[in-house]
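Here is how the chains run, residue by residue.
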Amino acid sequence: KQEVTQIPAALSVPEGENLVLNCSFTDSAIYNLQWFRQDPGKGLTSLLLIQSSQREQTSGRLNASLDKSSGRSTLYIAASQPGDSATYLCAVNNYGQNFVFGPGTRLSVLP
Amino acid sequence: EADIYQTPRYLVIGTGKKITLECSQTMGHDKMYWYQQDPGMELHLIHYSYGVNSTEKGDLSSESTVSRIRTEHFPLTLESARPSHTSQYLCASSEGSGGNEQFFGPGTRLTVL
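Quick note, the sequences are listed as chains R and V, same order.
Going by this note's numbering, the first residue of the first sequence is number 1, and it counts up by one from there.
Going by this note's numbering, the first residue of the second sequence is number 1001, and it counts up by one from there.
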């Protein structure tokens, strides 16, 4: 059964820092991995989707990498801003299966 | 504009009432999902659908029911609300069955008194 973990559970950084969020999964035969952002009391916003054949995806200041063999993905946020404060979740799925979500990393970027 | 909608956004209701949470998407996606999330806690899949007339139970047991009569519409019903049903309910959709990108609605925050 696929299990997803995220480290750290919470992170607080000063504005302008570059930071890395980690996601690990137990079954490396994944089809997709998706990173989301969730603001308090809101729905999830899709940030990046990495297909199993890809190694990384970039969108603006965000870069997500995927290492299937080691069961890991990282989300890199460059030049963090207070507006980046949110909970970041990763989700993975094996072909034909539903997505399995991690518990999330709660990020606070201090001005 | 293609999007996914949920109504109501907030609902406060008394114990024993029947409620229906609405979810609609205009992206033409086949697969739709309902998740339950308590504040600060993980998402739990409670229902999903592969398409019209298809409904499946998710990983977390729920007293709610769903229906899928039209591709774009996936309502969730609680026949008799209880305080234990207080939570946020999130609807999502994706294209196809292989696990394509998921898109989420804004959520419905339900409080049962």
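It cannot be assumed that every hint is accurate.
[Stated by the list, open to error] Okay, derived cross-link-like pairs now, SDA-like style, lysine to any residue, Cα gap no bigger than 20 Å in a straight line:
1. R:K42 / V:P1075
2. V:K1057 / V:G1040
3. V:K1018 / V:E1095
4. R:K42 / V:Y1005
5. R:K42 / R:G71
6. R:K42 / V:D1030
7. R:K42 / V:K1018
8. R:K42 / V:G1040
Because the hints were derived from the structure by calculation, they are not lab data.
Given the structure is predicted, the values throughout are model-derived calculations rather than measurements.
Status of each hint after checking the structure:
With a C-alpha separation of about 19 Å, the suggested pair K42 of chain R and P1075 of chain V falls inside the 20 Å cut-off, and the hint holds. Taken as a hint, the K1057 of chain V and G1040 of chain V pair is broken in the structure, with Cα atoms around 23 Å apart against an allowance of 20 Å. Using a Cα cut-off of 20 Å, the hinted pair K1018 of chain V and E1095 of chain V is violated, with the two alpha carbons roughly 31 Å apart. The suggested pairing of K42 of chain R with Y1005 of chain V holds, with an alpha-carbon distance near 13 Å, which does not exceed 20 Å.
Straight-line distance between C-alpha atoms of K42 of chain R and G71 of chain R comes to about 29 Å, which puts the hinted pair past the 20 Å bound. As the CA atoms of K42 of chain R and D1030 of chain V are separated by approximately 24 Å, the hinted pair breaks the 20 Å bound. With a CA separation close to 24 Å, the supplied pair K42 of chain R and K1018 of chain V exceeds the 20 Å bound. Proximity of K42 of chain R to G1040 of chain V is assessed by CA-CA distance (about 12 Å); at most 20 Å being required, the pair is judged to hold.
Figure legend: structure checked against the earlier numbered hints; hints not met, in rising order: 2, 3, 5, 6 and 7.
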